[in-house]
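Under my numbering, the first residue of the sequence shown carries the number 11, and numbering increases by one thereafter.
No wet-lab data here; the hints were simulated from the structure.
In this text, a Cβ means the ideal position worked out from N, Cα and C, and glycines have one as well.
Hints may be right or wrong, so weigh each one.
As the list claims (entries may be wrong) - Label pairs and their in silico Cβ distance ranges:
| id | residue 1 | residue 2 | range |
| --- | --- | --- | --- |
| 1 | 89 | 46 | 16 to 26 Å |
| 2 | 83 | 50 | 13 to 23 Å |
| 3 | 69 | 17 | 15 to 25 Å |
| 4 | 72 | 19 | 12 to 22 Å |
| 5 | 52 | 30 | 26 to 36 Å |
| 6 | 70 | 34 | 14 to 24 Å |
| 7 | 77 | 19 | 15 to 25 Å |
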Amino acid sequence: MVWGAITYKKVSILEVINGEWKSTNYLAMLKRRLLKNLPNLKPEGAGGDDTKRLIFQQDGATLHTSLAIIDYFNDCDIEVVNWPPRSLTPI
Numbered sequence: 011m012v013w014g015a016i017t018y019k020k021v022s023i024l025e026v027i028n029g030e031w032k033s034t035n036y037l038a039m040l041k042r043r044l045l046k047n048l049p050n051l052k053p054e055g056a057g058g059d060d061t062k063r064l065i066f067q068q069d070g071a072t073l074h075t076s077l078a079i080i081d082y083f084n085d086c087d088i089e090v091v092n093w094p095p096r097s098l099t100p101i
């Protein structure tokens with residue numbers, strides 16, 4: 011499996027995921043990849059209170075909805091849209 015982030019015009023660094031993951035693995039990967047990619051993914055002209063902010067989308071898999079993951083997104087002030095488990099279309 012591969013994790014990545016995309017926007018209308020930009021893409022993130024990909025993370026290759028081997029084996030079964032738990033929320034602790036997911037949290038470590040988010041810390042490693044997501045915040046480092048955000049400056050490159052933000053829409054042009056987006057600032058602190060700009061309306062062009064990023065919204066993170068993920069399915070409702072158990073590892074995505076653990077308290078540690080929810081706390082991480084809240085602490086980083088990242089808005090998250092959740093979908094039912096296994097509902098996102100693979101790219």
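To see whether the hints hold, each was checked on the structure:
no.: 1; hint: 89 <-> 46: 16 to 26 Å; verdict: holds, 19 Å
no.: 2; hint: 83 <-> 50: 13 to 23 Å; verdict: holds, 19 Å
no.: 3; hint: 69 <-> 17: 15 to 25 Å; verdict: holds, 18 Å
no.: 4; hint: 72 <-> 19: 12 to 22 Å; verdict: violated, 32 Å
no.: 5; hint: 52 <-> 30: 26 to 36 Å; verdict: holds, 32 Å
no.: 6; hint: 70 <-> 34: 14 to 24 Å; verdict: holds, 18 Å
no.: 7; hint: 77 <-> 19: 15 to 25 Å; verdict: violated, 34 Å
The structure does not agree with the numbered hints 4, 7 stated previously, though it agrees with the rest.
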